[in-house]
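Trainee: Listed here are the chains, written in short residue letters.
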Amino acid sequence: MEKNLMKGNEALAEAAMRAGCKCFFGYPITPQTELAAYMAKNMQKNGGVFLQAESEIAAINMVLGAASTGVRAMTSSSSPGISLKSEGISYIAGSDLPCVIINVERGGPGLGGIQPSQADYWQATKGLGHGDFHLLVFAPASVQEMVDMVVKAFNKADEYRMPAMILADGLLGQMMEPVSFPEIAVEMPDKSSWAADGHKNKRAHHIINSLYLTPEELEKTVVDRYAKYDIIKDKETDAELYLTDDADIVVCAFGATARVVKSAVNEAREQGIKVGMFRPKTLWPFPEKEVQKACANASKVLSVEMSMGQMIDDIKLALSCAKPVEFFGRTGGVIPTPAEVLEKIKAMGGNN
Amino acid sequence: MNYNILLAGFGGQGVLFAGKLLAYCALMENKEVSWLPSYGPEMRGGTCNCSVCISDEPIGSPLVTEPNVFVALNQPSFDKFIGKVKADGKAFVDSTLVESVSDRKDIDCYYVQATQLETENELPKGANIILLGKVLEATGMFSDETVRKALEKIVPASKGWLIENNLKAIGIGRAQ
Chain X
1 MEKNLMKGNE ALAEAAMRAG CKCFFGYPIT PQTELAAYMA KNMQKNGGVF LQAESEIAAI
61 NMVLGAASTG VRAMTSSSSP GISLKSEGIS YIAGSDLPCV IINVERGGPG LGGIQPSQAD
121 YWQATKGLGH GDFHLLVFAP ASVQEMVDMV VKAFNKADEY RMPAMILADG LLGQMMEPVS
181 FPEIAVEMPD KSSWAADGHK NKRAHHIINS LYLTPEELEK TVVDRYAKYD IIKDKETDAE
241 LYLTDDADIV VCAFGATARV VKSAVNEARE QGIKVGMFRP KTLWPFPEKE VQKACANASK
301 VLSVEMSMGQ MIDDIKLALS CAKPVEFFGR TGGVIPTPAE VLEKIKAMGG NN
Chain W
353 MNYNILLAGF GGQGVLFAGK LLAYCALMEN KEVSWLPSYG PEMRGGTCNC SVCISDEPIG
413 SPLVTEPNVF VALNQPSFDK FIGKVKADGK AFVDSTLVES VSDRKDIDCY YVQATQLETE
473 NELPKGANII LLGKVLEATG MFSDETVRKA LEKIVPASKG WLIENNLKAI GIGRAQ
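Chains X and W, in that order, give the protein sequences. With this note's numbering, letter number 233 in the first sequence gets 233, and the count goes up by one each step, no holes. With this note's numbering, letter number 126 in the second sequence gets 478, and the count goes up by one each step, no holes.
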C-alpha cells in the first residue's frame, strides 16, 4: 500500500472523510488548525460540509444537530476550546448521539500555551461536562494510529450511540510520519429507529432530547446508559504491552509520551535493566485487566505523563494500590526526554 | 542507519522544506522516519527548527534534543545548539551567515558559504539545499537518485523546474 508523509492533524481529517464523516464544524486553534484547514480544502469535494462556526460552543451544537439526523459528524479543537465544548458534549451524551470529537491537547490551565500536553486526561476520562456520562476515549501514539483510531471511533460511536474522543496532543498533530490509508468500506449502521431525518408523515416523530423532568424517568436513562458502559468496559479496552513479561519495573505511558518512554525502555534494556512499557490505547474504558497483566511480575510501576500526574490514579485503582506506583512528568508544554525517563528508571533501582 | 537530525535557522530560510526533503528521501528508501517542526510564534520571522529522525528501527521520540547531524543556517541557531550535538556527530554551518567557529574537538564541523554560493549560482533561496548537499555528501545518507524521487513527490507538477534547481543546489553542496 502506498505510503505518504502526512502531519497528524491532516491524517485525522483525511481518515474522518474516508470513514464517512459528512459534517465538520470547528473553530481554529493552535496546534489543531491544520485539521480544520484540510477539511476546508477537501470536505466539499467529498460531498460533505465544512463550516467554520462563530465559536466552539456553536460548533459542538452544530455537531449535535447534524448527529441527530443520523449523519457522521465531527468537531476538533485544542484544550481551551474543548472546555468550551463541554456543555454541548454533555447534551450529546444525554441525547445518546454518536459523534467524534478530537482534542489536540496543549498546555493549560487557562489559555495556557501552545506546546504539547496531556493534562486533559482527567477531563476526557472523568468529567467532560456535567452529569453522569462517559465518552469513548482513544489515545493514538503515531500518525498511522491516528488514522486507524478515527475510523474505529466513528464505528464505535455509532455502535454504542455515544460520543467518542481522540485524545491527541500538539506533538502528534504537528509531526509527519509515513501513513497509508487502508480501503475503508463504510457501512453505515441503520439509524432509522431514532434519527430525526424527516418523518414525511409516514412514521411517528423522533425526538432528540436530554431533558427529563421526572427524576425516575431521568434515573432510568442514566442507569440504562451505565449498563451499556459495563458492556463497553468488558469488550472495548485496548493496550500495548512492550517487554513486560520479565519486567521488574513497568513504565506506563500513553500517546506521544509512550514514544519517549519506549526509547528510554530500549536504552535501559541495553544497560541490562529489566523494564517494560504498558501503553493504553483506550483511556476510557481504561484497560484494567491489561495493566494488571503487564505489571504481574513487576515490583514497581512508573507513570510518565505530560502533566502533573493524572493517569496514575487509574493505574493505582486498577492495581488496587498493591504495588508502589511512582510518577515522572513534565507539564506546561515541556516534552520529557528519553534521558530524563531513563534517569528516573535508574533512580527507582531497576534490578538487573 | 540511525540519524537524529536537527535543522535550524530563521523562518523563511527553508528549514522545514530541507527537513521535509530528507524525510521524503527516507520514505523513498522505506526507512522509518519522523519530521517534527517547531510551531507557533517563532515560525513567523523568528528562529525556526525542525527535527528529522531516520532509522531502520521504529522511531521513539520524534523530538531531537541531541542531534548527530546538525544544520545551522543562522548565528542564533548555531549558538543555541552547537553544544547539544552528540559526540562524534556532524555539524553543517552556513558560514556566510554564521561568523563563529566551534572549538569542539569531538564533532566534525563543515563550514559552507551556502548563502554566498546561492547568490553566485543564481539559485535564490537555495542556501538550505546547498548545505543539504554537503550533508548528503559527508554522511552518505542518500544518493542523488533518491533525492530526485523525493523531489518528484514533493514538488507540484506546475513547478517542475524546481526539481532541477534543487538538484543543481545539491550538486554544488556536494562539491564543497
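Among these hints, one or two may not hold up.
Think about it this way: if two alpha-carbon atoms lie no more than 35 Å apart in a straight line, the pair counts; the simulated DSBU-like pairs of lysine-lysine are [as the list claims (entries may be wrong)]:
hint, chain 1, residue 1, chain 2, residue 2
1, W, 457, X, 346
2, X, 156, X, 45
3, W, 432, X, 22
Everything labelled a hint here was simulated from the structure, so no lab data went into it.
Trainee: Hint by hint, say whether it matches the structure.
Mentor: So, going through the hints one by one against the coordinates:
no.	hint	verdict
1	457(W) / 346(X)	holds, 30 Å
2	156(X) / 45(X)	holds, 26 Å
3	432(W) / 22(X)	violated, 46 Å
Of the numbered hints given earlier, the model fails hint 3 alone.
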